[in-house]
Amino acid sequence: MDKLIQSGRYLFAIAFLAFGIQHFIYAKYAAGLGPPWIPGSPLRACFMGAALIIASLRIASTRRRA
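Residue numbers (my numbering): 1 to 66.
Be aware that a few hints might be false.
FRET-style restraints, in silico, Cβ to Cβ [claimed, not checked]:
#, residue 1, residue 2, range
1, ARG9, CYS46, 23 to 29 Å
2, ARG58, LYS3, 18 to 24 Å
3, ALA55, LYS28, 20 to 26 Å
4, PHE47, ALA15, 17 to 23 Å
5, LEU43, MET1, 39 to 45 Å
6, ALA51, LYS3, 24 to 30 Å
7, LEU43, ILE5, 34 to 40 Å
8, LYS28, THR62, 34 to 40 Å
9, LYS3, PHE24, 28 to 34 Å
10, PHE47, MET1, 33 to 39 Å
11, ALA15, CYS46, 17 to 23 Å
12, ARG9, SER41, 29 to 35 Å
13, ILE5, ALA51, 21 to 27 Å
14, ALA51, LEU4, 24 to 30 Å
Hints are computed from structural coordinates only; laboratory data are not their basis.
Model, not experiment: these values are computed from the prediction.
C-beta: ideal position from N, C-alpha, C; glycine also.
Between the sequences and the hints, there should be enough to build the whole structure, so can you do that?
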């Protein structure tokens, strides 16, 4: 069961990482040409992409916070 939980955590982190990279790729199209989940300005899209990438790294890390 622990291997299933660990692999699920990694798959979830990979999905977050992919969405974060997508935010950086489509940041120049933030005026409405990119995906609808991109925030309104390119700067906010980059901040959101960075937040998603950081979240994916935190999810994938096995370090626990006490």
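So, going through the hints one by one against the coordinates:
1. ARG9 to CYS46: 23 to 29 Å: holds, 26 Å
2. ARG58 to LYS3: 18 to 24 Å: Check passed, 21 Å falls within 18 to 24 Å.
3. ALA55 to LYS28: 20 to 26 Å: The hint (20 to 26 Å, Cβ to Cβ) holds, given that ALA55 and LYS28 are roughly 23 Å apart.
4. PHE47 to ALA15: 17 to 23 Å: holds, 19 Å
5. LEU43 to MET1: 39 to 45 Å: Since the Cβ atoms of LEU43 and MET1 sit about 43 Å apart, the hinted range of 39 to 45 Å holds.
6. ALA51 to LYS3: 24 to 30 Å: With Cβ atoms ~29 Å apart, the hint holds.
7. LEU43 to ILE5: 34 to 40 Å: holds, 37 Å
8. LYS28 to THR62: 34 to 40 Å: holds, 35 Å
9. LYS3 to PHE24: 28 to 34 Å: holds, 32 Å
10. PHE47 to MET1: 33 to 39 Å: With a Cβ separation near 37 Å, PHE47 and MET1 satisfy 33 to 39 Å, so the hint holds.
11. ALA15 to CYS46: 17 to 23 Å: Since the Cβ atoms of ALA15 and CYS46 sit about 19 Å apart, the hinted range of 17 to 23 Å holds.
12. ARG9 to SER41: 29 to 35 Å: Because 32 Å falls inside the window, the suggested range holds.
13. ILE5 to ALA51: 21 to 27 Å: holds, 24 Å
14. ALA51 to LEU4: 24 to 30 Å: At 28 Å between Cβs, range holds.
Hint compliance for this structure: no hint is broken.
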